[in-house]
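Spelled out, the chains give:
Protein chains: 2
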Amino acid sequence: MQKHLRLSDLQGYDRFTRANILNSLSGFKSASLIGTVNKNGQANLAIFSNLVHIGADPALVGFINRPLDAAPHTLSNIQETGSYTINHITADIFPQAHQSSAKYPADISEFDATGLTASYREGTLAPFLAESLVQYSLELKQIIPIELNGTFFVIGAIQEIFYPSDIQEEDGFLALEKAGSLCSLGNSAYYETKRLGKLAYAKP
Amino acid sequence: MQKHLRLSDLQGYDRFTRANILNSLSGFKSASLIGTVNKNGQANLAIFSNLVHIGADPALVGFINRPLDAAPHTLSNIQETGSYTINHITADIFPQAHQSSAKYPADISEFDATGLTASYREGTLAPFLAESLVQYSLELKQIIPIELNGTFFVIGAIQEIFYPSDIQEEDGFLALEKAGSLCSLGNSAYYETKRLGKLAYAKP
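Just so you know, the protein sequences line up as chains L and E, in that order. Each residue of the first sequence is one higher than the one before, starting from 1 at the first, in our numbering. Each residue of the second sequence is one higher than the one before, starting from 1 at the first, in our numbering.
No lab work stands behind these hints, which were simulated from the structure alone. Please note that a few of the clues may not be correct.
Claimed, not checked - Calculated cross-link-like contacts (lysine to any residue; reagent style SDA-like; alpha-carbon spacing at most 25 angstroms):
hint	chain 1	residue 1	chain 2	residue 2
1	E	Lys178	L	Lys203
2	L	Lys203	E	Arg66
3	E	Lys203	L	Ala113
4	L	Lys203	E	His4
5	E	Lys178	E	Lys203
6	L	Lys198	L	Glu131
7	E	Lys198	L	Thr90
8	L	Lys3	E	Gly180
9	L	Lys178	E	His4
10	E	Lys141	L	Arg66
11	L	Lys203	E	Tyr13
12	L	Lys39	L	Ser101
13	E	Lys198	L	Lys39
14	L	Lys178	E	Pro95
15	E	Lys39	E	Ala71
16	E	Lys3	L	Arg15
17	E	Lys198	E	Lys141
18	E	Lys198	L	Leu10
19	L	Lys198	E	Leu10
I would like the entire structure built from these sequences, with the hints used as guidance.
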């Protein structure tokens, strides 16, 4: 049976139910852990799922950061240092990745709190996640405040990329399922994927 | 073996290889078909994968529209009418969904060209996709031009939602895998999903 919700129905739900409906409605997302550090060297790790590819030349990725009172640390660290890393999540670490969404104080490193490992590389201020097989670093390009609801659209340019060489296909494509990269749905559910097909460039 | 690409390596690839690497690097996406209509009633259907949940109250969804010369019709229709629909893709229709990315002239409906079915509902100007089990309509709220590369971040407010009632869990969450909603990777690959776990709200 088909269910039909109107805007007025949505407004009748409590905020948790409404958030669960709307967070899942928009579909599977590339849940990733963002690593940052503040100017005093305090590391931070947080899970973000609302991530988009903006373009390949320049190589731009964007993500939605919630309002500052809900999620202050990642954004302020990125503003302070201009540097962040994005790290894929695998089946081995998804419970720890999820735990990074808890509201720890600013002086707690989520790496320590969740038992994950920060890995620093020459040339990148922000820490990578050692447990992650697919990692990339970014340099902040633009923060666009979204006035409609107090969120931020954060745009960065890709600097360095790390991945297992055997997941790459001839055309450059990274078969992330071979690295075990997961996707997420809503705030809470994690999924592995199975490829149905890879299709040629479509022409009329 | 781990592969390491620097920005300078990326710039050495031809544009297709670079696009394939970068489109897949950012992870699995919620490939969806966006339905629109222009002021003369000409329908359009196009696949978009860079889609984010921006917030639940108000209920906002954003997507990245490529530069106007590459992808003009969906954006101009949304500007003309303020109305669009987002429709999930299932295994039955993913080849047709992919075919909608071909560059058809403005006077060709991708519904007709791909053999998919437009479905009009009272109160929504834009067509829904009849074959899609999870559908929602939006009203345009804001178009943010991204000057870094000529793309657009298009933000809409959700108006009406349709989904099979048996996919909804007690907390509101929509188990999209039960509706067969797919995700995509890069420009070309389509995936089904298998849930590993759904975790409780994380606390420190």
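Here is what the structure says about each hint:
1. Under the criterion of a C-alpha separation no larger than 25 angstroms, the hint pairing E/Lys178 with L/Lys203 is inconsistent with the structure, at around 32 angstroms.
2. Proposed proximity of L/Lys203 and E/Arg66 is supported: the alpha carbons are some 17 angstroms apart, at most 25 angstroms.
3. The hinted pair formed by E/Lys203 and L/Ala113 meets the criterion: a straight-line CA distance of about 11 angstroms does not exceed 25 angstroms.
4. With a C-alpha separation of about 33 angstroms, the suggested pairing of L/Lys203 with E/His4 is violated against the 25 angstroms cut-off.
5. Taking the CA atoms of E/Lys178 and E/Lys203, the gap is near 29 angstroms; set against the 25 angstroms cutoff, the hint is violated.
6. Distance restraint check for L/Lys198 and L/Glu131: the Cα-Cα separation of roughly 28 angstroms exceeds the 25 angstroms cut-off, and the hinted pair is therefore not satisfied.
7. Only pairs whose Cα atoms come within 25 angstroms are accepted, and E/Lys198 paired with L/Thr90 is accepted, the gap being roughly 15 angstroms.
8. For a cut-off of 25 angstroms, the pair hint linking L/Lys3 to E/Gly180 stands: about 16 angstroms separates their Cα positions.
9. Distance check on the hinted pair: L/Lys178 and E/His4 sit about 17 angstroms apart at the alpha-carbon level, within 25 angstroms; holds.
10. A threshold of 25 angstroms between alpha carbons decides the hint, and for E/Lys141 with L/Arg66 the separation of about 18 angstroms falls inside it, so the pair holds.
11. For the proposed pair L/Lys203 and E/Tyr13, the alpha carbon gap of about 23 angstroms is at most 25 angstroms, so the pair holds.
12. A threshold of 25 angstroms between alpha carbons decides the hint, and for L/Lys39 with L/Ser101 the separation of about 22 angstroms falls inside it, so the pair holds.
13. Taking the CA atoms of E/Lys198 and L/Lys39, the gap is about 35 angstroms. The hint is violated against a cut of 25 angstroms.
14. For the hint pairing L/Lys178 with E/Pro95, the CA-to-CA distance comes to about 23 angstroms; that is within 25 angstroms, so the pair holds.
15. With a C-alpha separation of about 18 angstroms, the suggested pairing of E/Lys39 with E/Ala71 holds against the 25 angstroms cut-off.
16. With a CA separation close to 44 angstroms, the supplied pair E/Lys3 and L/Arg15 exceeds the 25 angstroms bound.
17. Annotation: proposed proximity of E/Lys198 to E/Lys141 is violated, straight-line Cα distance about 32 angstroms (limit 25 angstroms).
18. A threshold of 25 angstroms between alpha carbons decides the hint, and for E/Lys198 with L/Leu10 the separation of about 23 angstroms falls inside it, so the pair holds.
19. Among the hinted pairs, L/Lys198 with E/Leu10 is consistent with the structure: their alpha-carbon atoms are about 23 angstroms apart, no more than 25 angstroms.
Violated hints, in rising order: 1, 4, 5, 6, 13, 16, 17; the structure is consistent with all others.
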